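Sequences are here, hints too, so could you generate the full structure?
Under UniProt numbering, the residue at position 387 of the sequence shown is numbered 387, and the numbers go up by one with no gaps.
Hints are computed from structural coordinates only; laboratory data are not their basis. Where hints are given, some of them may not hold.
[As the list claims (entries may be wrong)] Mimicking SDA-like on lysine to any residue, the simulated pairs with C-alpha atoms at most 20 angstroms apart in a straight line are: (1) Lys278 <-> Val136; (2) Lys359 <-> Leu408; (3) Lys268 <-> Phe245; (4) Lys91 <-> Glu49.
[To be verified] Here are the in silico distance ranges between beta carbons for each label pair: (5) Tyr116 <-> Lys268: 33 to 39 angstroms; (6) Leu32 <-> Asp295: 26 to 32 angstroms; (7) Ala64 <-> Gly232: 16 to 22 angstroms; (8) Met138 <-> Ala254: 44 to 50 angstroms.
Computed from a prediction, not measured in an experiment: that's the story for all the values here. For each residue, glycine too, the CB sits at the ideal point set by N, CA and C.
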Amino acid sequence: MALISNFAYFDLHRERMACDVHRELQKDMDALLNSYFHENVQLSQNDAEKRRDIAFPNVEKILAYINDRDPRFGKVPSRVGSYWQGLKVKKADEFDYSVILEGLDNFHWINSGPRYYNFNKPIDPDHQTIPQDLDVVMTSVPLPSPPKGYHYVSDSPNSLSSIKGWTDISDLTRRSGPNKVDFIPFLVRRRLKQLLTEAKRDLNLRGEIRQSRKVNGPALTMYFKVNDREIGIDFAPVIRAHLPFPSWINWPRAGVRWPSQEKIREIKQFGINLVAKKDFYWMLSFAELEKMLVDKVDADGGKRKEIHRIMKKLNGDFWCNTTKPVISSYILKNIWFWEMESLPSAVDWANDKIWIRLKSMTERLLQCINERDLKQYFYPDFNLLKSKDIKELDIAAIKIQQFLNDPLKFIDLQ
1 MALISNFAYF DLHRERMACD VHRELQKDMD ALLNSYFHEN VQLSQNDAEK RRDIAFPNVE
61 KILAYINDRD PRFGKVPSRV GSYWQGLKVK KADEFDYSVI LEGLDNFHWI NSGPRYYNFN
121 KPIDPDHQTI PQDLDVVMTS VPLPSPPKGY HYVSDSPNSL SSIKGWTDIS DLTRRSGPNK
181 VDFIPFLVRR RLKQLLTEAK RDLNLRGEIR QSRKVNGPAL TMYFKVNDRE IGIDFAPVIR
241 AHLPFPSWIN WPRAGVRWPS QEKIREIKQF GINLVAKKDF YWMLSFAELE KMLVDKVDAD
301 GGKRKEIHRI MKKLNGDFWC NTTKPVISSY ILKNIWFWEM ESLPSAVDWA NDKIWIRLKS
361 MTERLLQCIN ERDLKQYFYP DFNLLKSKDI KELDIAAIKI QQFLNDPLKF IDLQ
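Encoded structure:
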């Protein structure tokens with residue numbers, strides 16, 4: 001009996017020692033990540049202010065010019081993206097704006113019914129530039145139905161004719177039925193690109209300016225360079241639709257404790273927008289709702305934003321350090337949202353839980369990559385990894401596993 005008791009004592013003692021060692025390692029990792037954040041992740045306020053001083057006046061001039069030339073595009077944008085959410089890493093080198101299509105209050109958003117229009121010539125689906133003579137023409141062959149999360153947007157020419165600036169709609173729409181026209185995202189982006197080009201030509205804007213030739217995706221980008229600081233400004237055409245949450249979106253999920261009921265009411269009251277993502281289909285946009293979701297998210301003293309930004313920095317520097325990262329900031333943001341929904345308490349995001357949360361989110365990301373499935377937070381039927389390059393995902397998975405095996409190798413404070 002005495003021998004068994006001694007063995008039990010030593011097992012318990014060894015277990016306690018292991019727990020003590022684990023706690024000390026945890027403290028060391030939390031302290032190291034705190035230092036890593038302040039030295040490698042946090043924005044330089046002085047640099048951020050100088051970049052804002054370049055970006056803001058130029059954006060104001062550009063949108064006022066565009067609105068004057070074409071009042072269908074509003075001059076008061078919605079500020080979305082990482083900078084406005086307090087999620088930028090190291091430097092404020094990109095600012096995102098939604099350019100609102102004005103006056104569209106009575107449109108219909110649908111995802112059914114044949115559409116007989118298409119491009120007038122075959123194009124590469126990932127086209128980076130558009131031929132000068134590329135146009136949308138009526139055809140005898142219908143378009144494929146919109147994918148999940150995408151819709152047609154239609155309205156009546158008669159109802160549009162009474163809205164300022166909408167007397168001529170032929171450059172943005174194509175006929176979709178009797179007394180019905182569809183707003184074509186490709187045509188909307190093309191018109192906005194034309195107006196941005198004219199603004200660059202006609203306005204006395206500060207700094208060296210160039211425009212991205214990229215036209216696939218929702219945003220059109222202008223770059224401003226002043227004193228070796230280059231800033232990208234994204235302009236994405238959006239219909240501020242304030243659509244109600246349909247039942248098939250299933251948000252919020254039953255029984256969740258994050259976000260708060262007050263935040264849920266605020267988000268549902270605002271509703272969902274539509275962004276000109278694909279050439280012929282408008283995508284449900286949650287950008288403004290995501291901004292609302294993270295507003296004051298750390299008011300309870302948590303370190304949620306700090307931990308998320310550390311993860312973004314590691315992703316940009318090590319996991320996906322390529323010109324076209326397969327793991328985007330938006331993917332990481334949705335990982336973060338799911339983690340916050342699972343662990344809503346400030347205790348789980350406290351200063352002594354930085355490594356635990358970072359490790360947990362990294363493991364969550366790795367699992368999603370291996371399963372090729374990451375559900376969008378607001379719309380879980382939408383898989384954010386569906387169209388990603390499988391080989392690039394596998395490479396990222398290897399690097400992420402290496403980080404989990406030996407995080408100290410990656411958290412360099414030199």
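Hints and how they fare:
1. Of the pairs offered as hints, the one joining lysine 278 and valine 136 holds, with about 14 angstroms between alpha carbons and a cut-off of 20 angstroms not exceeded.
2. Under the criterion of a C-alpha separation no larger than 20 angstroms, the hint pairing lysine 359 with leucine 408 is consistent with the structure, at around 12 angstroms.
3. Between the alpha carbons of lysine 268 and phenylalanine 245 the distance comes to roughly 7 angstroms, so the proposed pair stays at or under 20 angstroms and holds.
4. Taking the CA atoms of lysine 91 and glutamate 49, the gap is near 10 angstroms; set against the 20 angstroms cutoff, the hint holds.
5. Tyrosine 116 and lysine 268 have their C-beta atoms about 36 angstroms apart, which keeps the hinted 33 to 39 angstroms range intact.
6. Remark: the range hint 26 to 32 angstroms for leucine 32 to aspartate 295 is upheld by a beta-carbon distance near 29 angstroms.
7. A hinted range of 16 to 22 angstroms holds for the C-beta pair alanine 64 and glycine 232, which are about 20 angstroms apart.
8. A hinted range of 44 to 50 angstroms holds for the C-beta pair methionine 138 and alanine 254, which are about 46 angstroms apart.
Taken one by one, the earlier hints all hold for this structure without exception.
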